[in-house]
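Protein chains: 4
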Amino acid sequence: MIVVMEKNASEEQVQHMIDRVQHLGLKAHVIRGVERTVIAAVGDERITKAESLESGPGVAEVLPILAPYKVASRELKPESTQISVLGFKAGAGVVGVMAGPCSVESEEQIVSSAHAVKKAGATALRGGAFKPRTSPYSFQGMKEEGLKLLALAREETGLAVVTEVMSTEEVELVAKYADVLQIGARNMQNYRLLEAVGKSERAVLLKRGASATIDEFLLAAEYILNEGNSNVMLCERGIRTFEAHTRFTLPLATIPYLHRKTHLPVIIDPSHGTGHAYMVPDMSLAAVAGGADGLIIEVHPTPETAASDGYQSLDFPTFESTMARCAKVAAAVDRTLCRMP
Amino acid sequence: MIVVMEKNASEEQVQHMIDRVQHLGLKAHVIRGVERTVIAAVGDERITKAESLESGPGVAEVLPILAPYKVASRELKPESTQISVLGFKAGAGVVGVMAGPCSVESEEQIVSSAHAVKKAGATALRGGAFKPRTSPYSFQGMKEEGLKLLALAREETGLAVVTEVMSTEEVELVAKYADVLQIGARNMQNYRLLEAVGKSERAVLLKRGASATIDEFLLAAEYILNEGNSNVMLCERGIRTFEAHTRFTLPLATIPYLHRKTHLPVIIDPSHGTGHAYMVPDMSLAAVAGGADGLIIEVHPTPETAASDGYQSLDFPTFESTMARCAKVAAAVDRTLCRMP
Amino acid sequence: MIVVMEKNASEEQVQHMIDRVQHLGLKAHVIRGVERTVIAAVGDERITKAESLESGPGVAEVLPILAPYKVASRELKPESTQISVLGFKAGAGVVGVMAGPCSVESEEQIVSSAHAVKKAGATALRGGAFKPRTSPYSFQGMKEEGLKLLALAREETGLAVVTEVMSTEEVELVAKYADVLQIGARNMQNYRLLEAVGKSERAVLLKRGASATIDEFLLAAEYILNEGNSNVMLCERGIRTFEAHTRFTLPLATIPYLHRKTHLPVIIDPSHGTGHAYMVPDMSLAAVAGGADGLIIEVHPTPETAASDGYQSLDFPTFESTMARCAKVAAAVDRTLCRMP
Amino acid sequence: MIVVMEKNASEEQVQHMIDRVQHLGLKAHVIRGVERTVIAAVGDERITKAESLESGPGVAEVLPILAPYKVASRELKPESTQISVLGFKAGAGVVGVMAGPCSVESEEQIVSSAHAVKKAGATALRGGAFKPRTSPYSFQGMKEEGLKLLALAREETGLAVVTEVMSTEEVELVAKYADVLQIGARNMQNYRLLEAVGKSERAVLLKRGASATIDEFLLAAEYILNEGNSNVMLCERGIRTFEAHTRFTLPLATIPYLHRKTHLPVIIDPSHGTGHAYMVPDMSLAAVAGGADGLIIEVHPTPETAASDGYQSLDFPTFESTMARCAKVAAAVDRTLCRMP
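Residue numbers (our numbering), protein chains in the order written: chain A, 5 to 345; chain B, 5 to 345; chain C, 5 to 345; chain D, 5 to 345.
Some hints could be false.
Claimed, not checked - Okay, the calculated bits of chain B under chain C, using three or more residues with CB under 8 angstroms as the criterion: (1) 40-48; (2) 57-71; (3) 243-249.
Since the hints were made in silico from the structure, they are not lab data. All residues carry an ideal CB built from backbone N, CA and C; glycine is no exception.
Start from the sequences and build out the full structure, keeping to the hints where you can.
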């Protein structure tokens, strides 16, 4: 890292900081500029308690040089990771689509949704059984009953099942029914939960927190990878900004940035990323053209009566036409939409 | 809520939405303007699945009218709530100060910190034993050993102990040693954890998530209150914005807004709210003048060598002078700093 | 608009607000709910001083219903506007590309750039002569000399010339040489300048301010349209958010939103929208797939030595391959890249 | 600045970047770390075209070390600047208050406001004559007639007059009547206007743009200072964030940050900074306690009927009580409210 000293830092302060840097096991390299002295600290800054150096006497700021994550980094593993679960694949040139309702509401609803999204071209079924709801007065999900219905829908269609797990106690139960464990945006920094799914054998779909930096996002992934689970997909689902005409702001530049920094597949969620059903088709096409390795889309038989998220759910015909257009766009950028065998 | 129809919505669509509103148990009141028709839906919109109405045919937007929270609202309980734990008090004209290191590091560190912050005028000791860290490679806290040291510091000073609990499994253990359970910003929407502390008999310090709206913040409090625990303090600790010269942006207007909307006490965290030790004294004074019911401040014997957050921790002398100045400002705005009896 | 009264507002306060609403020439429609009374004010709220109603006694909040812009709205003009300048076209199914260096630096630089971007498929040449620079110590542009070089490049290639105008005094001069007047993001709310270009006969490329809401953006366009100039293109160039791995955050959902609200063409600027050259190709493809009516891309013979914005400029070969890919994506979504005749 | 190379950068790429750095007149200092090579470029990076180095081969990122501004910096002028205009003073321990209506509406309105704010303790009168309005359909100000009324109010009260100037053509006219020229947030990066007021002999109140970084803010001040006008006050008026319960987010940590970086006085605008009259008293107190050198507050005889900004204007009694409380808080932090002689 680079320790930048104040303009008027004394020689004694500079020497103090050199000692501190060396005390942390790093090599200090001093550069005396016209206006300022800086100390380059060489070594693995990740494993130190270097952040507190900023409190040192005469220090103006401390600039990190190394990315704080390791196992997730493309520097460590240059080839792209492809996740493969039942018929679903994402990464390394293949675009996988997960689709289905926000919440599992009934057998008929989830099974008809599964058939519809499969017919349109999805290879995984999403559906919430344990629902993290902003209000304690909102529908909280069908819980285990919902998981059973998801498993039933998988039986009927062969689609992989993606569903959210909200707490450590539920990991075992959810993993019993699901193929992919989803960590929601609100739980991106629930470290105990990350450790728990890191110990599971299921693939993980990790959603970016609404105000997480990408470094924080990749460090959350690192918590999972660190426990030995390397089947992690990163999902951009929109960030909190001042914009109010969308529920969240969907920054698609996350795709090329993540592709440069990590080998993990990047999934885009245009439903939460916009919060309005009418924007989802265009943003799905944009994501595929922009290099996404997958999409996760909310689809409901009758969005208007959905128990949750109806405002951002596609109906079956719109999803079907969106998928047809996505396939064309994928071909135009030399990539393929994953299809059920 | 108000359902605003598109300009060119047909009579049939308007009728369809009237039916939908009535189907939700609300009374529909139609107003036909020069340019648009709007439907006012009268009744308790909180308990309905009204959000999905936005997907209805011909609907432009849906505007909620009622605040989504209830028990936390000042409308329900007009008088301010005061939290009182051992010698610590906050709310209803009394300003309570919690202070101490980010992490418990050793007996000497925590006990000397307790004595120092007590001498300066704090009535509660903060200190992390279970630490949520952005990186899996950072110091994760002393865990139960840290809790024991906090209890020891309480024994020696009489200060109330505030410490973070990160997961449901740890609630019982932490509650055994702590007087106030802190829910960190990253866990503000960890609903299982909110429910668990809601069942505890300990007071709760709930930190606002870095990108949580105030409605989301109050609904998180509602999860706790709803379980029967009414000893909740709300802590503003800064939000994520484009500003990079502070680690977070500390919006003190949260204070008058929360005082208008809720009866719960409002605590300000100028340490996390700025991320720089040199800003903490001025922002502490500003918070007290602006009406805060309490402060939580990071204080460390030697910030430069702290295991975490050194860059934003005050040393003992600076904390002492800050407290002396806060007492004067509190008096200037006709409030009092809570003191140990 | 909807005037929401406080829960405990008195009958006298409600009556006072009804009077105020009527005094503004609006019709008051009172709805008494279980918890609150609301007053729907029917009429053209745009021309009133209604915003100050919020200060009325017992008022909780005031919610506008109508969009504040008129001439720019699709409600007023349902068919999409196509802008056509020399060989450049944008809108109504045609995607036009403007490209060239951030600043005009020399005859050779701009003429070679013009030939290169034309060959690759652009139909307009961008280049700054008057440069708004964050620092007074940075290169400020070649001014009139730069304009002459742009005109020369047009003569040689037939490309339409797009260049920024920074102040009212310069409008006449810039309009003498340029085909499209660009209003930069920093000047989006420079109302005198908007009025001045509104009186010009040149087409206008209006860039969104980095923290402008879309309503503010469309109202800025309205200032121009209101003066009689209807050749306005809206350019999304990224917003300020907490994200630091891109210079700005490019919210492509602006495209479907603007297409729904306005008839004006929507241009995307992936160069400023990301701030990194390596992200520009993917975001160009995403923009075209997402429905953009045009792109504006920074291209430089040797980005590394550019007088400004080198970090986000494409070199000639990368621009050429990007254009080839954009053409394929445009075809996949049933749109066409505009080509020189 | 520090040029950080990619992990796998070749020796040839490193050498190329060393050459580029030297070509810019900087001295290159190479540090080969365990994982990366970095090149420290020593010299005055402000006057170079260094930003484009990021496009160099093998470059990961470029980190600036020096602040980009000079004349505004406290390093250059360690003692605080005090601005003094008629009876108004701000800076160096004195807190000056400017108050008055958003817009000048009539002689009676502005003169009565002047008397009221003077009586309460303000030493400058604010009032808009040229109004930058988001909508072309809103009241645009009384223009020169308004300026004359401001001058009349000054004649009657002795208060210094602060009013906004929106374009270069108006600078001369406004300077004829006003004592302090205000540059509004929307024009913070209108560089021609900054240059024009830089040539004026009037003091300048420069408002921070709603999404300007502090570096951009200080560089805008630098444009003014650079023309020879050193009477510049910096005004924090709130930034755009995701928060919707306030119109803007008022980040008071701007005060200690600016005090550390610049010698110029820091004024806080709690009216625009919150957008709600009921929050203004608390945020005024907070600003004074937090170290502000001045306040600018909107005050109107009858906020409810104001031609603009009524929702955030104080009435006379509330302003008077706020000033009385501010004086007490100022005393508590060893500073004094400036008073009319």
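(message) When I compare C-beta atoms, does the region 243-249 of chain B have three or more residues closer than 8 angstroms to chain C?
(response) n = 4 at 8 angstroms, threshold three: holds.
(request) Please count how many residues of the region 40-48 of chain B have a CB within 8 angstroms of a CB from chain C and say whether that reaches 3. (result) holds (count 6)
(request) Count the residues of the region 57-71 of chain B whose CB lies closer than 8 angstroms to any CB of chain C, then report whether that count reaches three. (result) holds (count 3)
Violation of the numbered hints given earlier is absent; every hint is satisfied by the structure.
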